[in-house]
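> So the chains spell out like this:
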Amino acid sequence: MTHILTISNLHVSVAGKPILRGVNLVMRHGETHALMGPNGSGKSTLGLAVMGHPLYEITEGAIELDGRDLVALTADERARAGLFMAFQRPVAIPGVKLADFLRHATTNMRKPERKEGEELLPMREFRRELKGKMEHLRMDMEFARRYVNDGFSGGEMKRAEILQLAMLQPKFAILDETDSGLDADAVRLASESIAEFGREKMGMLIITHHDKLLEHNRPDYTHVMLGGRIVETGGVELAHELHRQGYDRIRNAYPDAEASNRAMADREVALSV
Amino acid sequence: MTSDTATLSPTDQIGDFNKYDFRTESPAVFKARKGLDAAIVQQISEMKGEPEWMRDFRLRSLGIFDSKPTPTWGGLIDIKFQDIYYYLKPTDSQGRTWDEVPGAIKDTFEKLGIPEAEKKFLAGVKAQFESEVVYGSLKGDLAAKGVIFTDTDSAVREHPDLVREYFSKIIPPEDNKFAALNSAVWSGGSFIYVPPGVKVEFPLQAYFRINAESMGQFERTLIIVDEGAEVHYVEGCTAPTYSSQSLHSAVVEIIVKRGGRCRYTTIQNWANNVFNLVTKRALAYGDATMEWIDGNLGSHLTMKYPAVIMMEPGARGETLSIAFAGAGQHQDAGAKLIHRAPHTTGQIISKSISKNGGRSSYRGLVKVEHGAKNTKCKVVCDALILDSQSRSDTYPYIDVAEQDVSVGHEASVSRIGEEQLFYLMSRGLSEPEASAMIVNGFIEPLVKELPMEYAVEMNRLIQLQMEGSVG
Chain Z
0 MTHILTISNL
10 HVSVAGKPIL
20 RGVNLVMRHG
30 ETHALMGPNG
40 SGKSTLGLAV
50 MGHPLYEITE
60 GAIELDGRDL
70 VALTADERAR
80 AGLFMAFQRP
90 VAIPGVKLAD
100 FLRHATTNMR
110 KPERKEGEEL
120 LPMREFRREL
130 KGKMEHLRMD
140 MEFARRYVND
150 GFSGGEMKRA
160 EILQLAMLQP
170 KFAILDETDS
180 GLDADAVRLA
190 SESIAEFGRE
200 KMGMLIITHH
210 DKLLEHNRPD
220 YTHVMLGGRI
230 VETGGVELAH
240 ELHRQGYDRI
250 RNAYPDAEAS
260 NRAMADREVA
270 LSV
Chain B
0 MTSDTATLSP
10 TDQIGDFNKY
20 DFRTESPAVF
30 KARKGLDAAI
40 VQQISEMKGE
50 PEWMRDFRLR
60 SLGIFDSKPT
70 PTWGGLIDIK
80 FQDIYYYLKP
90 TDSQGRTWDE
100 VPGAIKDTFE
110 KLGIPEAEKK
120 FLAGVKAQFE
130 SEVVYGSLKG
140 DLAAKGVIFT
150 DTDSAVREHP
160 DLVREYFSKI
170 IPPEDNKFAA
180 LNSAVWSGGS
190 FIYVPPGVKV
200 EFPLQAYFRI
210 NAESMGQFER
220 TLIIVDEGAE
230 VHYVEGCTAP
240 TYSSQSLHSA
250 VVEIIVKRGG
260 RCRYTTIQNW
270 ANNVFNLVTK
280 RALAYGDATM
290 EWIDGNLGSH
300 LTMKYPAVIM
310 MEPGARGETL
320 SIAFAGAGQH
330 QDAGAKLIHR
340 APHTTGQIIS
350 KSISKNGGRS
360 SYRGLVKVEH
370 GAKNTKCKVV
380 CDALILDSQS
390 RSDTYPYIDV
400 AEQDVSVGHE
410 ASVSRIGEEQ
420 LFYLMSRGLS
430 EPEASAMIVN
440 GFIEPLVKEL
450 PMEYAVEMNR
460 LIQLQMEGSV
470 G
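Protein chains in written order, with numbering that gives the first Met the number 0: chain Z, 0 to 272; chain B, 0 to 470.
Bound-form chain Z, shown alone (with noise of 0.2 angstroms):
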């Protein structure tokens, strides 16, 4: 079955402030891309905004899951049609246990019209497959019984999210710099977790700024994101040469997209001051 994700001249403001200026991007199922850009040009925004962030307006544009469009849709019916972000800092939920929280999400995911208070996943079955998945991740099962993101260090974080694709199984993940803050080892294991679990399984956007998380998930499209729009797309070739020399060459060929991007910097500056 092939699934297929088109996101089509997406505008997203936050605060009345605009950030994405029409993105285009078409995702098939088991295709993996990458998605690049300098910091602040808009690709959290775009993952958030996809996912259904209540903070992200959408202005204008469409984000259709096989046809059906989900903009209209709350965070919990995009997540139930297919969708999943493994989120660069995810939040702490104190008091609430990793098993508890993904048994409940696992069940919502593959019963997608249960109802509350109904019957959730036997545990038995549940258990099984969250011990072998954690085994997977080098995970202790003790780790299942500590609150959500509470206390985690970096490591931990990314691979409690890596864990939570693993589980849920969408049909498109957008992963939000899962590489971020983690050592080389650690690295290598999120690599090789997310190709494991990931690829070719769904459709993958990975938002990274290295190409180390890519070494085992080649990617078949490479999409530069500069000023709130995709700029360039090309293939793996794309992501070693940004790797390797950076955005100059971007930025000088996209001097509005730059422009624009130069603008939102700015105001993010004078927001954290």
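To be clear, the hints were calculated from the coordinates, so they are not data collected in a lab.
From the three backbone atoms N, C-alpha and C, an ideal C-beta is built for every residue, glycine too.
Mixed in with the good hints there might be a few duds.
Not everything, but these chain Z residues come out facing chain B in the computed CB check (under 7 angstroms) [claimed, not checked]:
| hint | residue |
| --- | --- |
| 1 | 50 |
| 2 | 52 |
| 3 | 74 |
| 4 | 78 |
| 5 | 79 |
| 6 | 90 |
| 7 | 92 |
| 8 | 93 |
| 9 | 95 |
| 10 | 107 |
| 11 | 115 |
Pairs of lysine-lysine, DSS-like flavour, derived with a Cα cap of 25 angstroms [unchecked claim]:
| hint | chain 1 | residue 1 | chain 2 | residue 2 |
| --- | --- | --- | --- | --- |
| 12 | B | 138 | B | 118 |
| 13 | B | 447 | Z | 130 |
| 14 | B | 198 | B | 119 |
| 15 | Z | 114 | B | 18 |
| 16 | B | 447 | B | 377 |
| 17 | Z | 200 | Z | 211 |
Fit chain B to the known structure of chain Z by using the hints.
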């Protein structure tokens, strides 16, 4: 329950009805007329065949009640005292087996799951229906070790020396208006004595049920934990919903002697027409530990501040409380820790949740008296507000008369984070499921202190509150 419950999801085992809101048709054996005066108090004492000292104590307490003004702090106490029934005797005698309890009342407690819990994990049970304890049990081995677990009325008859030594010594009727009221009209409640060195392994439970309309329930509990002894006492409280007011006003006195340990757990889920105005206080002697674990989910207004007075070096006092205020509810709850001796340690952890216009307040006192050097006390209050109509307040009182002490206070108020909701929803949880999960996580520090059966029940209650189907 199997080990599976350790990872139970908060929304497991949720019914779509409020299992507490049902009325039992049970004719009373005796019902005092409505209202309160000396004749009613005399009548209660006569019905119980009490000794003269107790009758005099009641009458004196009534005078104190009449002379004290209704408190104007806390919540709005607009009780119509003359519209309440102060005494209702539901049966002629207390059952020693459930078969001896009248059918309708037995059914009530079966619906509440008491006999089942008793079989599974309790060392003893007292079930109070309106004004009297209608059923009582205690495991034989505990009785053989000298443990006493009876209702307080029987204790007055059967253990007069113990009762007279401690009764009203920790909370005298002069303490406050509602302690005076209880002292005048008290009926039922638990009396526990644990002899030196005896450790009661499984919890003793009391269940308090108000069934009739406009009822007042005034149980009186006295727990004496002798040197090196241990006990865990659990109480549950429910009532059906009526449009008129009901009043629950208990007094609980506890003494934990040297090296003893007492844990007192309450899960209060009164209907939303019940005023719950309760005085609870414990004395902890050398190296003794007293813990109050207090879950307040129901009632119209609760005012309750369980206290521990640390009398001798090494005493520990801890309170862990959770209050959930929904529509039309005001939970004014907290704790009092009084360090009377050096080298004593106290801790207050208070969590509150406000929703649908509910109001929750933390009100607590930490007092370090003269001479109580080298004491430590920590207060942590966290409030979670679920919408903009709801309210949370913190009233911390700290009174330190010594230099060499460590008293810490941390307070936080938060709203359910948009980021937390989005995170859970992005994993396929609906917004109500996500909120419930965040709330359950918030109260987890309390829930994990409860015996597993109560933990499951607590999660269920929170879920019902979240759905707004309680009361």
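> Taking the least C-beta to C-beta distance, is residue 92 of chain Z closer than 7 angstroms to chain B?
5 angstroms, holds
> Would you mind confirming whether the straight-line C-alpha gap from residue 138 of chain B to residue 118 of chain B stays at or under 25 angstroms?
11 angstroms, holds
> Next item in the hint list is residue 79 of chain Z. Is there a CB on chain B closer than 7 angstroms to its CB?
5 angstroms, holds
> Per the CB criterion, is residue 95 of chain Z less than 7 angstroms away from chain B?
With a closest approach of 4 angstroms, the residue 95 of chain Z hint holds.
> Verify the proposed pairing of residue 114 of chain Z with residue 18 of chain B, using a straight-line Cα cut of 25 angstroms.
21 angstroms, holds
> Going by Cβ atoms only, is residue 107 of chain Z closer than 7 angstroms to chain B?
With a closest approach of 4 angstroms, the residue 107 of chain Z hint holds.
> Minimum Cβ distance from residue 50 of chain Z to chain B below 7 angstroms?
5 angstroms, holds
> Decide if the proposed pair is consistent with the structure: residue 200 of chain Z and residue 211 of chain Z, CA atoms, cutoff 25 angstroms inclusive.
Holds. Residue 200 of chain Z to residue 211 of chain Z sits at ~20 angstroms (cutoff 25 angstroms).
> Return the status of the interface hint for residue 90 of chain Z: holds when the least beta-carbon distance to chain B is below 7 angstroms, violated otherwise.
Because about 5 angstroms separates residue 90 of chain Z from the closest Cβ in chain B, which is inside the 7 angstroms limit, the hint holds.
> Taking only the CA atoms, is the gap from residue 447 of chain B to residue 377 of chain B under or equal to 25 angstroms?
20 angstroms, holds
> Measuring from the C-beta of residue 115 of chain Z to each C-beta in chain B, is the shortest one below 7 angstroms?
At 6 angstroms from the nearest chain B Cβ, residue 115 of chain Z passes the 7 angstroms test, so the hint holds.
> Are residue 74 of chain Z and chain B close enough, Cβ to Cβ, to be under 7 angstroms, as the hint says?
OK, holds: residue 74 of chain Z within 7 angstroms of chain B, min 4 angstroms.
The structure is consistent with each of the numbered hints, conforming to all of them.
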